[in-house]
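Novice: For reference, the chains in residue letters:
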Amino acid sequence: GEDVEQSLFLSVREGDSSVINCTYTDSSSTYLYWYKQEPGAGLQLLTYIFSNMDMKQDQRLTVLLNKKDKHLSLRIADTQTGDSAIYFCAETPNFGNEKLTFGTGTRLTIIP
Amino acid sequence: NAGVMQNPRHLVRRRGQEARLRCSPMKGHSHVYWYRQLPEEGLKFMVYLQKENIIDESGMPKERFSAEFPKEGPSILRIQQVVRGDSAAYFCASSPDRGARGNEQFFGPGTRLTVL
Chain A
-12 GEDVEQSLFL SVREGDSSVI NCTYTDSSST YLYWYKQEPG AGLQLLTYIF
38 SNMDMKQDQR LTVLLNKKDK HLSLRIADTQ TGDSAIYFCA ETPNFGNEKL
88 TFGTGTRLTI IP
Chain B
226 NAGVMQNPRH LVRRRGQEAR LRCSPMKGHS HVYWYRQLPE EGLKFMVYLQ
276 KENIIDESGM PKERFSAEFP KEGPSILRIQ QVVRGDSAAY FCASSPDRGA
326 RGNEQFFGPG TRLTVL
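Chains A and B, in that order, give the protein sequences.
Taken in order, the first sequence gives residues -12 to 99; the numbers are from my numbering.
Taken in order, the second sequence gives residues 226 to 341; the numbers are from my numbering.
Simulated from the structure, these hints should not be mistaken for lab results.
Values in this document were obtained by computation on a predicted structure and should not be read as measured data.
Even glycine gets a Cβ: it sits at the ideal position worked out from N, Cα and C.
Please note that a few of the clues may not be correct.
For lysine to any residue, the following SDA-like pairs were computed, each having C-alpha atoms within a straight-line distance of at most 20 Å [what the hints assert, rightly or not]:
1) Lys23(A) to Ala313(B)
2) Lys269(B) to Leu(-5)(A)
3) Lys23(A) to Pro334(B)
4) Lys23(A) to Ala314(B)
5) Lys57(A) to Tyr11(A)
In silico contact screen, one side only, chain A against chain B (beta carbon under 10 Å); selected entries [unchecked claim]:
6) Val(-9)
7) Ser(-6)
8) Tyr18
9) Ala28
10) Leu32
11) Tyr35
12) Ala64
13) Phe75
14) Ala77
15) Thr79
16) Gly90
Looking at chain A on its own, in the form it has when it is part of the complex (with noise of 0.2 Å):
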């Protein structure tokens, strides 16, 4: 079955950037997403990448995809306090509507 890891903690100064990194298994997957919950809220969709990039940049955002490794990266540059939240990658296999398979998340917490 698919799965998809993420380390659990991240920590970034104020102003720096953060990179989130995320790996998955299935070589089927087809669109691979970010998104963002914040404390007690429910997910917000960031960005995605369709499997035939290799990158995607939105403002401070910039998503990678090694499909050969099957790594996908977020970066969020110039890090700000409000970027503070749990960010999860997930992926699905088909251009229909599927279920996402979601990785455990990244907590990203901003050092002053």
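Please arrange chain B on chain A, whose structure you already have, making use of the hints.
Specialist: For chain B alone, kept in the frame of chain A given last:
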């Protein structure tokens, strides 16, 4: 356009009682998903429904759990005879029909179930 609505936001039940969780998808969305998040864990898929149909229930426990998405009204996740291990946050997501962004699911704020 209101987002995905879930109620109640918090639900406390004693062991053996029933829990009913409701989810109203975004307007125009006909696909609903339920996920469960245990403390300090990621979200695990439970069930995927379209109007009046269960499409994929591979993540649902075989007993005590059921879900429906009637033609009119919200989707309901029902847990009978709750046990302490059912304590979790239950998230609902909805999506429109297939589009350019693949399976973009919009999440509700979740229902936090506590079983005493």
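Novice: Under the constraints set out in the numbered hints, which ones does this structure not fulfil?
Specialist: 7, 12
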